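Enquirer: Sequence:
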Amino acid sequence: MVVLVGLVVLTTISLSLWQLTKGFEKHTERTDYIARLYEDAIEQSEYQEHESAYRQIQLRGSYITERSFVVGYQRHNQLPGHWIVTPFRTSVGIFLVNRGWLPIRQHFLETPEFETPEGTVEITGVIWTHKRFQSDKSYDQPDWPKRVKRLNLKLMAEITGAYEDEIRLLADNPGAFTPIQLLVENEPAMHWGYAFQWLLIGGLVVSAYWFFYIRRGEVGNE
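According to the numbering used here, the sequence shown holds residues 43 to 264 in order.
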């Protein structure tokens, strides 16, 4: 039993240290990402797909007005609404521009009406990247604008021939609605929480061993 408890404790300590290390790595990455938000905007010719996350970017081109996605189940200040994502054609390719949030007007099933600037415009946004995409059959519908349940940049890119990164449009740009908050996921806190949980599990194992095998044995011998 002593050997078994020792192995469990060593395992929980190892897992806790691993999560602590991951937490510090994610903290460094997150600090770097936040710093990128305040750097000067890059030109569209400097863009690298999946490599330019959290940098501001200046684009010159035109919206593909007949091809917009209306992404449902999005909230702003606890109010329900939609995100509007419209492909933006430039000389270096097509970008998926998230123009921001629109509130629900009357009921959720109603597709919101919105205008899209025509002609050549210049816009500035933040390159946002996503690691996970959920399947969504609503992308198969033929009508435009497409009402979809989830933001799936991979499917959007396949349908429109665009890059897979999202460009979150900043305020006061042509075609912008209520801007999306630029919040970076707090992954370090998650890993540090896991580290604490593993230490807690190890402590509980030691406590249980002490109470059921040592303490009770001492009481039984009295």
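Hints listed in this document are in silico derivations from the structure and should not be mistaken for laboratory results. Computed from a prediction, not measured in an experiment: that's the story for all the values here. Hints may be right or wrong, so weigh each one.
Distance condition first, Cα-Cα at most 25 Å in a straight line; then the derived BS3-like pairs of lysine-lysine [claimed, not checked]:
id, residue 1, residue 2
1, K196, K173
2, K173, K64
3, K173, K68
4, K191, K179
5, K191, K173
6, K188, K173
7, K196, K179
Distance ranges between label pairs, derived from CB positions [stated by the list, open to error]:
id, residue 1, residue 2, range
8, E67, T132, 17 to 25 Å
9, T162, E67, 38 to 46 Å
10, L246, W186, 30 to 38 Å
11, Q100, P145, 22 to 30 Å
12, G235, Y75, 14 to 22 Å
13, Q148, E88, 38 to 46 Å
14, L246, E200, 15 to 23 Å
15, F150, Q223, 15 to 23 Å
16, E88, L52, 45 to 53 Å
17, E81, E164, 38 to 46 Å
Positions of the beta carbon are idealized from the N, C-alpha and C atoms, including for glycine.
Enquirer: Each of the hints needs a verdict: does it hold here or not?
Expert: To see whether the hints hold, each was checked on the structure:
no. : hint                     : verdict
1   : K196 to K173             : holds (10 Å)
2   : K173 to K64              : holds (17 Å)
3   : K173 to K68              : holds (15 Å)
4   : K191 to K179             : holds (9 Å)
5   : K191 to K173             : holds (18 Å)
6   : K188 to K173             : holds (23 Å)
7   : K196 to K179             : holds (13 Å)
8   : E67 to T132: 17 to 25 Å  : violated (34 Å)
9   : T162 to E67: 38 to 46 Å  : holds (43 Å)
10  : L246 to W186: 30 to 38 Å : violated (56 Å)
11  : Q100 to P145: 22 to 30 Å : holds (29 Å)
12  : G235 to Y75: 14 to 22 Å  : holds (20 Å)
13  : Q148 to E88: 38 to 46 Å  : holds (43 Å)
14  : L246 to E200: 15 to 23 Å : violated (48 Å)
15  : F150 to Q223: 15 to 23 Å : holds (21 Å)
16  : E88 to L52: 45 to 53 Å   : holds (49 Å)
17  : E81 to E164: 38 to 46 Å  : violated (19 Å)
Of the numbered hints given earlier, the model fails hints 8, 10, 14 and 17; all others are met.
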